[in-house]
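Engineer: Sequence:
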Amino acid sequence: MKEKSFDKSIILDALAQSFKKLDPRVQVHNPVMLVVYIGAVFTTLLFILSFAGIRDESAGYTFTISVILWFTCLFANFAEAIAEGRGRAQAQSLRSARKDVKAKKLLSETDVSKYTEVLSNSLKKGDIVYVAAGEQVPMDGEVIDGAASVDESAITGESAPVIRESGGDRSAVTGGTTLVSDWLIIRITAEAGESFLDKMIAMVEGAARKKTPNEIALQILLVTLTIIFLVVTAMLLPFTDFASRQAKRGAPISITNIIALLVCLAPTTIGALLSSIGIAGMSRLNQANVLAMSGRAIEAAGDVDVLLLDKTGTITLGNRQASEFIPVKGVTEEELADAAQLSSIADETAEGRSIVVLAKEKFGIRGRDLSKLQATFIEFTAKTRMSGIDYQKNEIRKGAAEAVKDYVTGKGGRYTEECERIVKEVAKAGGTPLVVAKNGKALGVIYLKDIVKNGVKERFDDLRKMGIKTIMITGDNPMTAAAIAAEAGVDDFLAEATPEAKLTLIRDYQSKGHLVAMTGDGTNDAPALAQADVAVAMNSGTQAAKEAGNMVDLDSNPTKLIDIVRIGKQLLMTRGSLTTFSVANDVAKYFAIIPVLFFSIYPQLSVLNFMGLTSTYSAILSAIIYNALIIIALIPLALRGVKYRELPAGKLLQRNLFIYGLGGIIAPFIAIKVIDILLAFFGFV
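Residue 1 is where the sequence shown starts when you use UniProt numbering, and the numbers rise one by one after that.
These aren't lab readings, by the way, just hints derived from the structure by calculation.
Quick caveat, the model's predicted, so the values are computed rather than measured.
No residue lacks a Cβ here, since even glycine has one placed at the ideal position from N, Cα and C.
Just so you know, not all the hints are guaranteed correct.
Said to hold, decoys possible - Here are the simulated DSS-like pairs of lysine-lysine, each with C-alpha atoms no more than 30 Å apart in a straight line:
id	residue 1	residue 2
1	Lys8	Lys248
2	Lys199	Lys125
3	Lys457	Lys248
4	Lys424	Lys383
5	Lys424	Lys449
6	Lys405	Lys360
7	Lys114	Lys124
What the hints assert, rightly or not - Label-pair distances were calculated between CB atoms; the ranges are:
id	residue 1	residue 2	range
8	Tyr115	Asp390	43 to 53 Å
9	Lys428	Thr498	47 to 57 Å
10	Tyr115	Val180	13 to 23 Å
11	Glu194	Glu646	53 to 63 Å
12	Ala501	Val357	54 to 64 Å
13	Asp491	Lys8	43 to 53 Å
14	Val180	Gly330	49 to 59 Å
15	Lys114	Val28	50 to 60 Å
16	Arg414	Asp390	43 to 53 Å
17	Tyr115	Ser181	14 to 24 Å
Model the full structure from these sequences, guided by the hints.
Structural biologist: Here you go:
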C-alpha cells in the first residue's frame, strides 16, 4: 500500500470534508478547536450587529477577524480530513480485493465431490470449503487438508506466492487471496463482515479508531490550558475598563480582541493537529502491512524497552548452510567432500543443496551419472535422523552425530574420539555438526552454519542506543544459542525455549516495569503473545496466535517488529515535538501581543514593543493570521512524522527542545513581524 498523502483526489475530498466538519456535532469532539469555532460564531454575530449600530469594533476589522477564525477551523478540519482521506484511499484498494465469490461448501469434510455452491458472504464460522487452483479464498480460514501456493498480492502487495498447508504454523489463509496451484480444504474462522480484510478496512478508514490513553491525557492538558487562558482573557474586559477609568486614558479592550487574543494564546496548533497525528501514525503502520487492533498498541510500541526476537527468520536467514568440511585424521578434505556431496545429491533441503554447492566450489566436484552408479537414495526420516546413498556396494550416511555414531557402531565400525571432539567444537561455535560415514567409518564432520542476516548487528546497536534490550528466543541448546547471540550482537538469549519459559520471561520483565514486545505464529506462542504489551502475530500463523496478538503482520516477516517499534516511537516523537512547538508558540505570541494591547492605557509598555508592531489592530491581525497559517504549514510534518533517529531518550529530548522549543519561540516573532509589515504596506491597518 503506497502512501498518497497529497494526491489531487485526496486533497479535493479533504477540502469538501473540511466544510462538512464545521457541523457543531463534529467540532464538539475537539474542545480546543471548539473554542475557536465558538469565537468565529461570536465575531460573525458581532459583525452582523454592527449593521444595526451595535459596534464592538469597526465592521471591517470584526469581519476580518471572523473570516480568519473560520479559516483556522477549516485548516484544522483539513489536517484531520487529509489524514482520513489517505486512510480511505488505502481502504478503497483493500475493498477492491474483497469480492463476493462462489464458494464450494463441502457437505462432508473428507469428500470433495459433494458440495454446494454458495456466496462467500453467506459462509459461517466452522463451515468447510474446498478451493482449487485459480479460485479465490472466500473467507478467512485455517487449512485442514492440502498444501498450495497462494497469491497474497491483493492483501500484502507482494507478488511472490507463498505456501499454505495444513498443520504447523503456516496454516492460516485470508479471504481475497488466490490459489495459484494445487488445492486446499479450509475451515472458515470468521463471519461475514468480521473477516481480516473487513477489520483492516475499518481501521484504515478510522471507523474503529479510538483515542488512546496518552492522547486523552494530552487533550485533558490542552483543555486545562485553554480554560486557564479563557479565564484570564475573560477578566481583561473588567480589568481594562477599571484601569482606563483610573488612568483617565485609553479604552476597555473590545470583545472582538478578547476572542482573538484567546485564540492566539490557546494551544490551537497542537489542538488542530492532534487527531491527524494519531490517524497518520495508524496509516504508516498500515503502509508497512501491519494491522493494529488499537491505537494503544502503536503507542505501546513506542514505549517498548524489551524486544523478544525469534532466532530463525529474524536474526538468522533460517536455512543453515554448509560452510566447512572437517575430516578426521587419515581422510582428506576432498574425500569427505566427495562423500558428503554423494549423500546429498537427492537431498532437496536447503542444507543438502548447500553441501552440494560447497563441494563444487571448493574442489570442482560436479554431478555424477547416477544411472551408472546404480544408486539407491536413503531419505531422511525423523526416526533415523540420517540420509544417504547406497551404490556399488558402498554405503554413505550423513546425519546427526548420535544417529551416525549408532549407525557406525552397529556396523561394527569405530567412531573415534577425534570425531566426537570435532562435533563438540562445531556445536560450541554455534554451528550444527553433520557427521558423514562411509562403509562403517566416520570420515568427518560437515559444519552447518546458521547464517546471521547482514546488518542485524548494526540494527541491534541502534536499538541499544535507544535503551531497548534485545533478547533472542531459540530452541537451540545453550552453547549454540550463546555463539549465535554473540555474533548477532543481542543483549541476552533464551535457549531451549518452551511456551512456559517465554511466558515466564515476559512476566519477569513486566514485573520490573518494562514494556515487552514479541512476535509469534504458532498456537504455542499464543500464551506469550497474550501476555506481551506489543504482540505481533504473523498472518500466515495459526488463528490462536492471531487472536492472542494485538497486531497482525500481513507479510509474516518477524523482523517487522523492529520497524513497528520505530513507527510507534516516531508517533510519540511527532506528538511530543508538535506539542513543544505549540506551547512555545503560545509563549512567543504572549510577549508579542500583550504589550501592544495596553498601549492606550499604559504608554510605558511601549518599551516592550521591541518588534515595532504598527498598532494594536496590526498585532492582533498578524498573530491570528500566523496562528491559522502555521496549522497548514505543519500538516505535512504531522502526516509524515518527525524524522526517526536512533538516539537515547535524553538526547532526543534535548534535540526536541532545541529544534521545536527554540524554533517555536523564534518563528512567531519573525512571522508576526513580516505579516505586520505586509499589512501596513497594503494599507490594511
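Engineer: None of the hints should be skipped; say for each whether it holds.
Structural biologist: These are the hints, each one checked on the structure:
1. Lys8 <-> Lys248: 58 Å, violated
2. Lys199 <-> Lys125: 16 Å, holds
3. Lys457 <-> Lys248: 75 Å, violated
4. Lys424 <-> Lys383: It holds: about 23 Å lies between the C-alpha atoms, which stays within 30 Å.
5. Lys424 <-> Lys449: Judged against 30 Å, a Cα distance of about 14 Å means the pair holds.
6. Lys405 <-> Lys360: Roughly 27 Å separates the two Cα atoms, so the pair holds.
7. Lys114 <-> Lys124: 18 Å, holds
8. Tyr115 <-> Asp390: 43 to 53 Å: For Asp390 against Tyr115, whose Cβ atoms are near 46 Å apart, the range 43 to 53 Å holds.
9. Lys428 <-> Thr498: 47 to 57 Å: The hint (47 to 57 Å, Cβ to Cβ) is violated, given that Lys428 and Thr498 are roughly 23 Å apart.
10. Tyr115 <-> Val180: 13 to 23 Å: 21 Å, holds
11. Glu194 <-> Glu646: 53 to 63 Å: 39 Å, violated
12. Ala501 <-> Val357: 54 to 64 Å: 36 Å, violated
13. Asp491 <-> Lys8: 43 to 53 Å: 48 Å, holds
14. Val180 <-> Gly330: 49 to 59 Å: Holds, at about 52 Å.
15. Lys114 <-> Val28: 50 to 60 Å: 58 Å, holds
16. Arg414 <-> Asp390: 43 to 53 Å: 21 Å Cβ-Cβ, so the 43 to 53 Å window is violated.
17. Tyr115 <-> Ser181: 14 to 24 Å: Once the Cβ atoms are compared, 20 Å apart, the range 14 to 24 Å for Ser181 and Tyr115 holds.
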